[in-house]
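Oh and the sequence shown: position 79 is 78 in numbering that gives the first Met the number 0, straight run, nothing missing.
Honestly, I wouldn't trust all of these hints.
[To be verified] SDA-like, lysine to any residue: derived pairs with alpha carbons at most 20 Å apart:
id : residue 1 : residue 2
1  : K104      : E85
2  : K117      : L50
3  : K60       : K104
4  : K60       : E31
5  : K117      : L73
6  : K32       : D42
7  : K117      : D96
8  : K60       : A44
9  : K104      : E77
10 : K104      : R64
11 : K104      : E82
12 : K60       : E26
[Claimed, not checked] Okay, the calculated beta carbon distance ranges per label pair:
id : residue 1 : residue 2 : range
13 : R93       : P66       : 15 to 23 Å
14 : G95       : E54       : 18 to 26 Å
15 : I55       : L99       : 27 to 35 Å
16 : N115      : E26       : 31 to 39 Å
17 : G68       : G108      : 18 to 26 Å
18 : L114      : N78       : 16 to 24 Å
19 : E54       : K117      : 14 to 22 Å
20 : N115      : S28       : 26 to 34 Å
21 : V102      : L67       : 14 to 22 Å
22 : N78       : N115      : 17 to 25 Å
23 : I55       : E85       : 20 to 28 Å
24 : E26       : K117      : 25 to 33 Å
Source of the hints: derived by calculation from the structure; they are not laboratory data. Backbone N, C-alpha and C define an ideal beta-carbon position, used for all residues, glycine too.
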Amino acid sequence: MSLFCRKVDPTSYRDRIPLRVIRAEAELSVLEKAYLGAVERGDYATVRQALEEAEIYFRIKHQLRGPLGRTALLIAIENENLEMIELLLSFNVRVGDALLHAVRKEVVGAVELLLNHKKPRGENQV
0 MSLFCRKVDP TSYRDRIPLR VIRAEAELSV LEKAYLGAVE RGDYATVRQA
50 LEEAEIYFRI KHQLRGPLGR TALLIAIENE NLEMIELLLS FNVRVGDALL
100 HAVRKEVVGA VELLLNHKKP RGENQV
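Take these sequences, add in the hints, and give me the full structure.
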C-alpha cells in the first residue's frame, strides 16, 4: 500500500492520497475535463451536447472518472441535480454503485430515478 500512497502525517491514515487518482487527472483529455466540469457546474446544454457528440464520435467515454474517482453520475448525485441525473440516464450511462451512493447521500429524488431507470438490454448492472 505504501507504494501507491504518500503518507502526509505518520499518525493519520486519512491523509493518504492515492497516486492512481492523481495520475487519472493527467490522463483525461481536454474534452473529458470539460465534460466533467460541465456536469459539476450543472451546465445541462453542454453535457447534452457532449453526450450526443460522444455517441457519434466516441470522443468521451461515458464511464470516465475524474481526479477524485467520481463518474459524471456520481457528481450529479452529490450536487443533487436531478435534471442532470435524468439526462445521464437517458444516455444509458452505467449505473454501477450510484444507487448506493444516492442512498448514502440521502438524495431521495436520485434514488427514485435510479430505481425506475430501465437498463439497456444485455446489461448486468444494478
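Unsatisfied constraints (hint numbers, rising): 3
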